[in-house]
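**Q** Required output: the full structure, derived from the provided sequences and hints.
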Amino acid sequence: MAEIAVGIDLGTSNTCVSLMRDGKVEVLDNAFAERTSASVVHFHEDGSVEVGNSAKAKVIHSPAETVSSAKRLIGRYYFSEEVKKAQAVYAYEIIEAPNHGVRIEIREEEFSLPEISAMVLREMKQIAEHHVGESVTKAVITVPAYFNDNQRQATKDAGRIAGLEVLRILNEPTAAALAYGFGMGMNQRVAVYDLGGGTFDVSVLEIGKDIFEVLATCGDTFLGGDDFDDRIIDLLADGFVAEHNVNPRNDPYAFERLKLAAETAKNQLSIDEEVHISIADVLTTEDGTVLGIEHTITRAEFAVLVHDLIQRTFKVCDEAMQQSDLTVRDLDGVILVGGPTRLPIIREAVEAYFQQPPRQDVDPDEVVSMGAAIHAASLVGEAKDAMLLDVTPLDLRIGVAGGLTEPVIERNTPVPIEQTRTFTTFQDHQESVQISVYQGDHRMAADNALLGEFEFSGFTKAPRSDVKIDVTFEIDPDGIVNVTATDQTTGAAASTQITLSSRLGETQMDQIIASDLAARVATPSTPDGEQHIQLSPASPCDSIAAAQETNPAEESALFGDGSVDFSEERPDDLEPESSVRATGGTENAEESYDIIMGGGGDEIDLDQIDDEELIQLTEETVDERESGNDGLFDTSGADLAGPEIELVKEAK
Amino acid sequence: MSTSTIDALEITALSKIMDELDYYQLLNIEPSASTSDIRRAFHNSSRTFHPDANLDLTGDLRKQCRQISKRVTEAYCVLRDTRRRLAYDDKRANGTSLRIQIAEARNAHVERRKAERCGATPQGRQFHGKAETDLKAGNLAGAIQNIQMALTFEAGNAGFKAMLEELRERKKAIS
Numbered sequence: 038m039a040e041i042a043v044g045i046d047l048g049t050s051n052t053c054v055s056l057m058r059d060g061k062v063e064v065l066d067n068a069f070a071e072r073t074s075a076s077v078v079h080f081h082e083d084g085s086v087e088v089g090n091s092a093k094a095k096v097i098h099s100p101a102e103t104v105s106s107a108k109r110l111i112g113r114y115y116f117s118e119e120v121k122k123a124q125a126v127y128a129y130e131i132i133e134a135p136n137h138g139v140r141i142e143i144r145e146e147e148f149s150l151p152e153i154s155a156m157v158l159r160e161m162k163q164i165a166e167h168h169v170g171e172s173v174t175k176a177v178i179t180v181p182a183y184f185n186d187n188q189r190q191a192t193k194d195a196g197r198i199a200g201l202e203v204l205r206i207l208n209e210p211t212a213a214a215l216a217y218g219f220g221m222g223m224n225q226r227v228a229v230y231d232l233g234g235g236t237f238d239v240s241v242l243e244i245g246k247d248i249f250e251v252l253a254t255c256g257d258t259f260l261g262g263d264d265f266d267d268r269i270i271d272l273l274a275d276g277f278v279a280e281h282n283v284n285p286r287n288d289p290y291a292f293e294r295l296k297l298a299a300e301t302a303k304n305q306l307s308i309d310e311e312v313h314i315s316i317a318d319v320l321t322t323e324d325g326t327v328l329g330i331e332h333t334i335t336r337a338e339f340a341v342l343v344h345d346l347i348q349r350t351f352k353v354c355d356e357a358m359q360q361s362d363l364t365v366r367d368l369d370g371v372i373l374v375g376g377p378t379r380l381p382i383i384r385e386a387v388e389a390y391f392q393q394p395p396r397q398d399v400d401p402d403e404v405v406s407m408g409a410a411i412h413a414a415s416l417v418g419e420a421k422d423a424m425l426l427d428v429t430p431l432d433l434r435i436g437v438a439g440g441l442t443e444p445v446i447e448r449n450t451p452v453p454i455e456q457t458r459t460f461t462t463f464q465d466h467q468e469s470v471q472i473s474v475y476q477g478d479h480r481m482a483a484d485n486a487l488l489g490e491f492e493f494s495g496f497t498k499a500p501r502s503d504v505k506i507d508v509t510f511e512i513d514p515d516g517i518v519n520v521t522a523t524d525q526t527t528g529a530a531a532s533t534q535i536t537l538s539s540r541l542g543e544t545q546m547d548q549i550i551a552s553d554l555a556a557r558v559a560t561p562s563t564p565d566g567e568q569h570i571q572l573s574p575a576s577p578c579d580s581i582a583a584a585q586e587t588n589p590a591e592e593s594a595l596f597g598d599g600s601v602d603f604s605e606e607r608p609d610d611l612e613p614e615s616s617v618r619a620t621g622g623t624e625n626a627e628e629s630y631d632i633i634m635g636g637g638g639d640e641i642d643l644d645q646i647d648d649e650e651l652i653q654l655t656e657e658t659v660d661e662r663e664s665g666n667d668g669l670f671d672t673s674g675a676d677l678a679g680p681e682i683e684l685v686k687e688a689k
Numbered sequence: 488m489s490t491s492t493i494d495a496l497e498i499t500a501l502s503k504i505m506d507e508l509d510y511y512q513l514l515n516i517e518p519s520a521s522t523s524d525i526r527r528a529f530h531n532s533s534r535t536f537h538p539d540a541n542l543d544l545t546g547d548l549r550k551q552c553r554q555i556s557k558r559v560t561e562a563y564c565v566l567r568d569t570r571r572r573l574a575y576d577d578k579r580a581n582g583t584s585l586r587i588q589i590a591e592a593r594n595a596h597v598e599r600r601k602a603e604r605c606g607a608t609p610q611g612r613q614f615h616g617k618a619e620t621d622l623k624a625g626n627l628a629g630a631i632q633n634i635q636m637a638l639t640f641e642a643g644n645a646g647f648k649a650m651l652e653e654l655r656e657r658k659k660a661i662s
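Here the protein sequences line up with chains P and H, keeping their order.
For the first sequence, the positions run 38 to 689 when the numbering used here is used.
For the second sequence, the positions run 488 to 662 when the numbering used here is used.
Just so you know, the hints here were simulated from the structure itself, not pulled from any lab data.
Idealized CB from N, CA, C, for every residue including glycine.
Some hints could be false.
Below, in silico cross-link-like pairs of lysine-lysine (DSBU-like), each with a Cα-Cα straight-line distance of 35 Å or less [stated by the list, open to error]: (1) H:K550 with P:K421; (2) H:K617 with H:K658; (3) H:K503 with P:K246; (4) H:K550 with P:K498; (5) P:K352 with H:K601; (6) H:K648 with H:K658; (7) P:K175 with P:K61; (8) P:K421 with H:K503; (9) P:K505 with H:K503; (10) P:K505 with H:K550; (11) H:K503 with P:K498.
Just the calculated beta-carbon pair ranges, DEER-fashion [claimed, not checked]: (12) H:T620 with P:Q359: 30 to 38 Å; (13) H:T499 with P:Q124: 51 to 59 Å; (14) H:E598 with P:Q359: 21 to 29 Å; (15) H:A645 with P:R366: 52 to 60 Å.
**A** Spelled out as structure tokens, the structure:
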């Protein structure tokens, strides 16, 4: 029997799972007939975890226990800008872990970002298992094309934690193009304009009968639909401050209300020319006065608010067109991906830029997961004639003296690719060579993303410059970077240590997998037969409506005329714990989970997952490295910020 | 997409001689191939050697196939880019190496162009500089003399030749 492998679009805001069966791709809906689920994880007091649209509804009442937009943080170092920004915006606790990692602290428990994402993936795995009636252990997971190695590795780790063998980390725009062109026998050049919740990518592809070749991909990981919401939040908050002289940003509950109102208003502006936002109780002052917001925003006003954001996307498009050596006139089609591209203001701007209307026959919320499913099927031999030739989105660079870098593999180079550089020792009898590896387009090391610091040792001791170490940089079809080294004279593999990495160590991964944390999500069956998971009933396209509908009293909150009313909601409306469990709230809720395999603890074969060619990279903390430093790198008067290596300019 | 079309022996043989092939030979095209020929050859090779086209291969064969695939990508990456291809053709003509660092290939050509413009030898650069100064000062005759001097040190410098020709044209036009 054919192997089952699903495609998962793990989005900043929403996640979607699809499967290709008998040559047809279907988006798998959850127990509540929703085709996408919010990428939100809510932690209950009893330690159980809720994922999806119902979890999203919890953010109003318990923002500190509800993690959204984890994708913005995955694979980042604690010192990065994005982490600081998230700390200002999200009510949940973001803390620093050893080795500059990032953890989320909820109810005094710490979670890594891959663990949070694993909970969302676990939910998708269970949805798929419900549909196929058997265990699902293989998946293709998509990421923004512009994701760097750290982010890709962390996403892959999330898959492992969720009990999935990740067949491929696939770029979202590539997946979208695959879904668009698969089996059509077309010969087209297309641009994929992918504006997600937190990232923007544009890819230019040439689609042939059986080959999908990415010509160029460019992006901005700091630009997404959330930024459009932020503009409305700022408008509301500034108005509130001007009127009441109280800043609602300082109150997590008030801030969540503004966020939800802004998102709803934004979505409503796709339908109506004008939206009235009415929140009766944004916050209550110390003297007991309840302060609210009344604000009307028109499409034209919104257009002004977000004008610069839209222009930023076209700067990225300019770059992609240039890198692919094409002009917009060479394009046969433009595909829109991501919820925010439903906004008429974006559709119009895209049409003006590309001088053609975007394709109407592609669902921007589902097309990525469908493409992932097609690729998953082809990787288990289910689908043929769809070969993807993708590229690496960023320059791969190595640190050189003076805090500078130089490229080893330039962006938009097709993958898989491998380049070898030869390094030599700097001092007599030097025992190790250290190399910093970066991704990014900047000469200054500090302006790029640091992938890791590698230390190579175990080569022959000899006078300086006599030892030559070949360091091989490989980018695999996942876009993941592998670094290995060999001693040129002996041909023996040098031992490699990653001395700085944002990744979880193998030991940590083992512990996490052993603790089966992800199984807390939607515990298949508790003794009394109740479910810990509930996904609220909602129309597939309107997650906001879903968020509003968990409590019948809240159903009236979203008025048909486009105005938004949050007056029904108060923190003390918090539903009793029992009501968040699915006790058959909808008919298929019970059916849906009773065929899920028990235990939930799928065994993971690490050997199988690890790349066979990848040297087993051990990891140690920076502290350990420093204490173990033999001082060989101390050179007199050297103020070199970069690793002390000399690059031998010769091709291998 | 299946390995049935490719012989295991073929993979092993190619992986053995891969280092002795230049990029054109590897892609099985003529050195005069057009960009679209190069692209077509890359697609054909990918259909055979890309890891996704060989999912049922295991062990050494899989490794060999992967190595070939990466080398094929490298060849495509160099040959499809005009600047890289020029730098590679130089290198190949000199017989120094059958491969080139993709990141350096672009710079190599930029450096060559810079050398063409300003000179590759200290004397060439010196007289070229003098010629530029003369030109700014309106001394056309001086400029011609100096660029001729520069050419005695770098007879093959196309940039110098072009400059000399242009200066002569201008002088002709004036007189």
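**Q** Decide, hint by hint, whether the structure agrees.
**A** The hints, checked one at a time:
no.	hint	verdict
1	H:K550 with P:K421	holds, 22 Å
2	H:K617 with H:K658	holds, 18 Å
3	H:K503 with P:K246	holds, 32 Å
4	H:K550 with P:K498	holds, 31 Å
5	P:K352 with H:K601	holds, 30 Å
6	H:K648 with H:K658	holds, 15 Å
7	P:K175 with P:K61	holds, 18 Å
8	P:K421 with H:K503	holds, 30 Å
9	P:K505 with H:K503	holds, 24 Å
10	P:K505 with H:K550	holds, 25 Å
11	H:K503 with P:K498	holds, 31 Å
12	H:T620 with P:Q359: 30 to 38 Å	holds, 36 Å
13	H:T499 with P:Q124: 51 to 59 Å	holds, 55 Å
14	H:E598 with P:Q359: 21 to 29 Å	holds, 23 Å
15	H:A645 with P:R366: 52 to 60 Å	violated, 34 Å
Consistency note: the structure conflicts with earlier hint 15 alone.
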